[in-house]
Amino acid sequence: MLEPIADLGTELTSAKKQTRNQAIRYVLWGLISVVVNFVTFYLMNRVLRVEYQVANATAWVVSVQVAFWVDRLLVFKHHSAHPIREMGKFYGTRIATYLIETFVLWIGISLIGTPAVITKIVGQGCALIGNFFLSKLFVFRK
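The numbers in UniProt numbering rise by one with no breaks, and the one at position 18 of the sequence shown is 18.
The hints are simulated quantities; they were obtained by calculation from the structure and are not laboratory data. Just so you know, these numbers come straight off a predicted model, no measurement behind them. Check before you lean on any hint, since a few could be wrong.
Said to hold, decoys possible - Restricting the straight-line Cα-Cα distance to at most 30 Å, the calculated cross-link-like pairs of lysine-lysine (BS3-like) are:
{"no.": "1", "residue 1": "K142", "residue 2": "K89"}
{"no.": "2", "residue 1": "K136", "residue 2": "K17"}
{"no.": "3", "residue 1": "K142", "residue 2": "K77"}
{"no.": "4", "residue 1": "K136", "residue 2": "K89"}
{"no.": "5", "residue 1": "K17", "residue 2": "K89"}
{"no.": "6", "residue 1": "K142", "residue 2": "K17"}
{"no.": "7", "residue 1": "K136", "residue 2": "K77"}
{"no.": "8", "residue 1": "K77", "residue 2": "K17"}
{"no.": "9", "residue 1": "K16", "residue 2": "K142"}
{"no.": "10", "residue 1": "K89", "residue 2": "K16"}
{"no.": "11", "residue 1": "K16", "residue 2": "K77"}
{"no.": "12", "residue 1": "K77", "residue 2": "K89"}
{"no.": "13", "residue 1": "K136", "residue 2": "K16"}
As the list claims (entries may be wrong) - Using C-beta positions, here's what the derived DEER-type ranges look like:
{"no.": "14", "residue 1": "V54", "residue 2": "H79", "range": "13 to 21 Å"}
{"no.": "15", "residue 1": "G125", "residue 2": "G88", "range": "35 to 43 Å"}
{"no.": "16", "residue 1": "N21", "residue 2": "S80", "range": "33 to 41 Å"}
{"no.": "17", "residue 1": "A81", "residue 2": "L28", "range": "32 to 40 Å"}
{"no.": "18", "residue 1": "L73", "residue 2": "L43", "range": "36 to 44 Å"}
{"no.": "19", "residue 1": "V61", "residue 2": "W106", "range": "52 to 60 Å"}
{"no.": "20", "residue 1": "E51", "residue 2": "K17", "range": "40 to 48 Å"}
{"no.": "21", "residue 1": "L73", "residue 2": "K17", "range": "17 to 25 Å"}
{"no.": "22", "residue 1": "V39", "residue 2": "S110", "range": "20 to 28 Å"}
{"no.": "23", "residue 1": "K17", "residue 2": "G113", "range": "17 to 25 Å"}
{"no.": "24", "residue 1": "F103", "residue 2": "I24", "range": "40 to 48 Å"}
Yeah, the Cβ is synthetic: ideal placement off N, Cα and C, and Gly gets one too.
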């Protein structure tokens, strides 16, 4: 009678450990897409003098494509026969966090007057947390 409860406890411990390991890999490997995002944003906004929202949208597209493959192969170690379907889900969840980041940029830059790069860091932090959980729960679940 107690075996199912013991099995449930073992499964929960295993799930927590797996989530912790994925979160660590997400942060470490995710730095690649963050760097791609910041470099693209900086080059477009500061060097090419592209308006910040256009620079942010372009940086987002480039970094999401990098993030999809990094997350799929290295973070969640997810292999399936449907990577295009997964990519669609991935982009869908990233659109949600992109809108949050865009809102943060608008408030920080347009309303408050905070420098673009500082505001971008805050926006990326919000997006990073949301992206991990959305990827784990909706895109790369087993």
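**Message:** Are any of the numbered hints broken by this structure? If so, which, sorted upward?
**Reply:** Violated: hints 14, 15, 16, 17, 18, 19, 23 and 24.
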